[in-house]
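Build out the structure end to end from the sequences listed, making use of the hints.
Residue-level listing of the chains:
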Amino acid sequence: MGLINNIKSYSETLNLSAEKKGLFNSFLENGFPTIKDEDWKYTSLKRIITEDFSVEEKGNNIDKTDIDKYSLSFKNQIIFVDGKLITSPQIEGISISDYSDFESRNNDAIMNLNASLCSNGFSITVDKNTVVEQAIEILFFTTTENNFSQYRNLIIVGDNSEVKFVERIQNLNGTPSFVNYFTRINCGKNTNVEFNKIQNNTSNSILIDNVDVYQENDSTCDINTLIFGGSFTRNNLNFEQNGTNCESNMNGVSVLDNNQFADNHTFVDHKSAHCRSNEMYKGVYLGSSKGVFNGKIMVRPDAQKIDAFQSNNNLLLSEDSTIDSKPQLEIYADDVKCSHGCTIGQLDDEALFYMRSRGIGVEEAKAVLTYAFASEAIDKITVSEVRLVAQELLAKKLNVDLDFSL
Amino acid sequence: MLKINNLKAGIEDNQILKGINLEIKAGEVHAIMGPNGSGKSTLASVIAGKEEYEVEGGEIDFEGTDLLDLTPEERAHKGVFLSFQYPVEIPGISVSNFIKTSINERRKATGLDPMPAKELLKKLREKMELLSIDKGYLSRNMNEGFSGGEKKRNEIFQMAMLDPKLSILDETDSGLDIDALRIVANGVNKLRREDNATIVITHYQRLLDYIIPDFVHVLYKGRIVKSGGKELALELEEKGYDWITKEADKKWA
Numbered sequence: 001m002g003l004i005n006n007i008k009s010y011s012e013t014l015n016l017s018a019e020k021k022g023l024f025n026s027f028l029e030n031g032f033p034t035i036k037d038e039d040w041k042y043t044s045l046k047r048i049i050t051e052d053f054s055v056e057e058k059g060n061n062i063d064k065t066d067i068d069k070y071s072l073s074f075k076n077q078i079i080f081v082d083g084k085l086i087t088s089p090q091i092e093g094i095s096i097s098d099y100s101d102f103e104s105r106n107n108d109a110i111m112n113l114n115a116s117l118c119s120n121g122f123s124i125t126v127d128k129n130t131v132v133e134q135a136i137e138i139l140f141f142t143t144t145e146n147n148f149s150q151y152r153n154l155i156i157v158g159d160n161s162e163v164k165f166v167e168r169i170q171n172l173n174g175t176p177s178f179v180n181y182f183t184r185i186n187c188g189k190n191t192n193v194e195f196n197k198i199q200n201n202t203s204n205s206i207l208i209d210n211v212d213v214y215q216e217n218d219s220t221c222d223i224n225t226l227i228f229g230g231s232f233t234r235n236n237l238n239f240e241q242n243g244t245n246c247e248s249n250m251n252g253v254s255v256l257d258n259n260q261f262a263d264n265h266t267f268v269d270h271k272s273a274h275c276r277s278n279e280m281y282k283g284v285y286l287g288s289s290k291g292v293f294n295g296k297i298m299v300r301p302d303a304q305k306i307d308a309f310q311s312n313n314n315l316l317l318s319e320d321s322t323i324d325s326k327p328q329l330e331i332y333a334d335d336v337k338c339s340h341g342c343t344i345g346q347l348d349d350e351a352l353f354y355m356r357s358r359g360i361g362v363e364e365a366k367a368v369l370t371y372a373f374a375s376e377a378i379d380k381i382t383v384s385e386v387r388l389v390a391q392e393l394l395a396k397k398l399n400v401d402l403d404f405s406l
Numbered sequence: 001m002l003k004i005n006n007l008k009a010g011i012e013d014n015q016i017l018k019g020i021n022l023e024i025k026a027g028e029v030h031a032i033m034g035p036n037g038s039g040k041s042t043l044a045s046v047i048a049g050k051e052e053y054e055v056e057g058g059e060i061d062f063e064g065t066d067l068l069d070l071t072p073e074e075r076a077h078k079g080v081f082l083s084f085q086y087p088v089e090i091p092g093i094s095v096s097n098f099i100k101t102s103i104n105e106r107r108k109a110t111g112l113d114p115m116p117a118k119e120l121l122k123k124l125r126e127k128m129e130l131l132s133i134d135k136g137y138l139s140r141n142m143n144e145g146f147s148g149g150e151k152k153r154n155e156i157f158q159m160a161m162l163d164p165k166l167s168i169l170d171e172t173d174s175g176l177d178i179d180a181l182r183i184v185a186n187g188v189n190k191l192r193r194e195d196n197a198t199i200v201i202t203h204y205q206r207l208l209d210y211i212i213p214d215f216v217h218v219l220y221k222g223r224i225v226k227s228g229g230k231e232l233a234l235e236l237e238e239k240g241y242d243w244i245t246k247e248a249d250k251k252w253a
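Chains as they are written, first to last, in our numbering: chain A, 1 to 406; chain B, 1 to 253.
Honestly, the hints are just simulated from the structure, not real lab data. Each hint can be trusted.
Pairs of lysine-lysine, BS3-like flavour, derived with a Cα cap of 30 Å: (1) A:K397 x B:K108; (2) A:K396 x B:K108; (3) B:K151 x B:K108; (4) B:K100 x A:K396; (5) A:K380 x B:K151; (6) A:K396 x B:K118; (7) B:K135 x A:K380; (8) A:K397 x B:K100; (9) A:K380 x B:K100.
This is the structure in structure tokens:
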């Protein structure tokens, strides 16, 4: 058996178009990526795909208490249970609907699989000149056991509009789950979009999270990724700047322990002149956890006056934790400013002693320093509820009872 | 309050303190002077509990407890405070948040509830006034981008907020201009009481013009080689350390 066979059986129950059949066959030919693929060198799916996940099982209804437990209680909520859209808000200037087909750049087997078989997800269109004050909360719940599911979402933001999202994928049963997720975001001219991902799923959950952002002139898009949970997480975050004066911001915080694994792959394609990108990923590794960071910045020949900044800072707080960090810069324009930096370290003993000498216990001092380390990225998040969750999850993960805010 | 008996400590194989004896009573100010490399900062760090120093012998009795049995935070909870020679920058934590955490961690250790916000704010305002600190300072990140003088003032500000029984000021005068020195010294003097004590570690006499010590000790090559009243500091200023160190070298040769 194994996942691929189950996926194959599932595909036979679907009435696929010729085009989708082609994509699916291409997935079958290549199979899931292996460590022989450069982009998956440090990230093995081998063990995962031998598991006997069932595919897109439909489960039962969900208790409101479960929703409340994982929700941040925003007024505007989009809720999916086992792929079914059960709640969607009415917001002026925005239309939200269930899945409808859309194009994507299908450049690997994972994306082919998503594009060919997935028909669950949302389509959001934000009208021109619309400012949505409160963040829209998106919740995906899995209730069935050992389930493999896919989501495929589209967000189109009209010119001069502003919108923010907070998203969470949550497994509600004790068994493993595997999600292959994709969202395409089209940022119109002069738009401002912020998408916050709280990745705090159960300790046996697997996630491959793909996001493609396409930007037009004068748009700003921030994707903030907070990884606290899950056993295996792979984020593929891609930006394509198709207009001038675009800004792409990526902030990531990973706090992992035990045997958790998280891989952040980012790609910024600077195709137009006078654009910026800022990337700040902070990793905190405890126990036997493992992290991967791969940040690629591409500056195309005509994309002059690019200002690209990338940093990946890591704290290894245990003997057995590891991080593989790889910056990649490909620059074909001559008038650009690109910088990158990567650090791997431990907590500063001098700072630790300083705090302890002020009466702060060693565990609390470590927590405060770790928080201070991560806060530079957390502080970029403009949705205060998300910052608070990040602080709480961090304190919980480090097992301290500390109030960080005054 | 503090009684140090034959304290020997070092780092790795290098013995720095070679048998320190020192007694400090409540209400007293002791100055520890000495040439560079004599062990002044080591003594301060060992009292505060810095772990990279290995204590080879002796004891540090503080109100009936041997500090050497305690962690740095436990020493702080008992009322020991070290003002660092080089205060550490901690980005991401504001001064107010840091101080609040220190105060409440100490209160937690002594079985008290966290300090009510109102009381904390009142105390912050009071101590800021004492040290001529303006308000914007509280929201700055701990020591980040502070000038040398600001860092030292921040140390004394924390000392004022934590209200320790024993304060050790390690080279607090270095990096301070004369105005800042006056403000800091004035703050320290106002915090002096019958029930607390201060150790002032300094290389120069200058600070002792403002913080008048009851006793002056000269530390040299890991030993206190001379003790006296405040006039000893003046004598050192005038004659330098040579006359003492030569004698000591002869004695310990």
